[in-house]
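Novice: Whole structure, please, built from the sequences with the hints as guidance.
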Amino acid sequence: MKLVKILALVLTIGSFSSVYSQLTCDSIASLTNSYLHTENDNLKGRMFISDGQVYRAFLDEDQTAEFAVTFYGNSTYRIASSAGNEDNFVIYEVYDKDRNLLFSNYEHANAPYWDFEIENTIDCTIEVRLDLNKKLSGCVRMMIGFERALN
Amino acid sequence: MKRNFRNLRTLSIVLGGLAIVSCGDAKTDEAVVGTDKPLIAQVDSNQTVGIVSIGGQVFVIPSPIQTADLISKSNAPFNTDLLNPTDNSVNYTNNFRKALNMGIYGADLGYLAVYNATDKTTSYLKAVRGLANDIGLGTAFNDELANKISESLGDESKMLSLVSEAYKTADDYLKENKKDDVASLVIVGGWIESFHFACAAAVATGNSELIERVADQKSVLKTILAMLKQYRDNEEYDDLAIELEDLNTLFNDITYTYEFVDPVTNESEKVTKISCKHNVSITEAQVKEISEMVKSIRNEIIG
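The listed protein sequences correspond, in order, to chains A and B. Its first residue numbered 65, the first sequence is counted upward by one per residue in the working numbering. Its first residue numbered -3, the second sequence is counted upward by one per residue in the working numbering.
Please keep in mind that the hints were generated in silico from the structure rather than gathered at the bench. Mixed in with the good hints, there may be bad ones.
Chain A side only, calculated, beta carbon under 8 angstroms to chain B, not exhaustive [what the hints assert, rightly or not]:
#, residue
1, 93
2, 113
3, 116
4, 160
5, 168
6, 208
Fair warning: this is a prediction, and the values are worked out from it, not measured in the lab. Idealized CB from N, CA, C, for every residue including glycine.
Specialist: Shown next, in the form of structure tokens:
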């Protein structure tokens, strides 16, 4: 009897965790997507085309996800991120290969998206974590798009 | 008998509770973020979510469409011989080759779009949809997408956006279902095809930006190899990685220099300009050598 109860509890917690993570990750997909396609972009006659990949990590309070990225020269990129219904849950920092800090959205109120004009091709690392003053754990989604003029 | 019933009751209560909690959360999340309908099929909630492992890296591979875009802007002529003929699509019998070639056809779709070669788009979309269906990604490349692409023929940006969105949906679906290995093949296929385009265009035109783009693939290749490393227990993945490692050696004699320059941020425009200096010294012979090997690897994949 005890064994059944323990098994049921373990199954429940495991399933709940899985379902909850799934729901959280799915629910922020459209929000992250919306940061790649803003009204302001239409007004400026441009769009950001996704690189066709979805980057995500389930982060706890002491965890950081690391993204290795190559940005091509003569391009403008947008990095968009989300971890829930508020747009300032995520802190991300962009470093060059020598660990020089190129950008931190923390200095800009945890802005959920930011554009990067890249003059020359550069290899970067993006480090992503949750702002622990706002969220302790959860799924973080990140998307990268490159700019293209609207026809 | 009584004890069994009690056990059953305990399980029912626990599972019932789970169902209620799960449904409640789903509703809350939907209310918060809007009601966009996902293109993908319902994910089996019994599976563990495909979340990246912390402590490891997430591998970001540049879009093949972006390279196709650069090629068209360099005035390199449209070359239909660079594409994987759609007739080949029926020859791919295992999921390994199907996934790789789904990536290849995706890059081909991008190439067709940037050159506005609308007469071929439908057949390439059909090839992609066939492979996508075979590997369980039919929902990402559904009738709705086909109709939208048909309606946007001639509108390059919209076409590119639709193709990218479809591949993103497929990537998301694969990762959600813990099929990161398959997702990586689609990505590698797209990358090798766009690399093939870039090499051919660089050799044909001598355009310096294209030549630099070829040299820049050293970093991307390093990321690709790191991504494939975790799947090398599988012989097919290992064979592919070995070929890519051979390709990697050709970059050893190319000289790269890098100098950090302070970035400049425009707060109101939400943009940061990164002007770090990056110089590449690559010879014509090196470009040709890389081009030949890329072509060989790619031709082996398309069969």
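Novice: It remains to establish, for every hint, whether it holds in the given structure.
Specialist: Now the hints, each set against the structure:
{"no.": "1", "hint": "93", "verdict": "7 angstroms, holds"}
{"no.": "2", "hint": "113", "verdict": "5 angstroms, holds"}
{"no.": "3", "hint": "116", "verdict": "4 angstroms, holds"}
{"no.": "4", "hint": "160", "verdict": "6 angstroms, holds"}
{"no.": "5", "hint": "168", "verdict": "10 angstroms, violated"}
{"no.": "6", "hint": "208", "verdict": "6 angstroms, holds"}
The structure fails to meet hint 5 from the earlier list, while all remaining hints are met.
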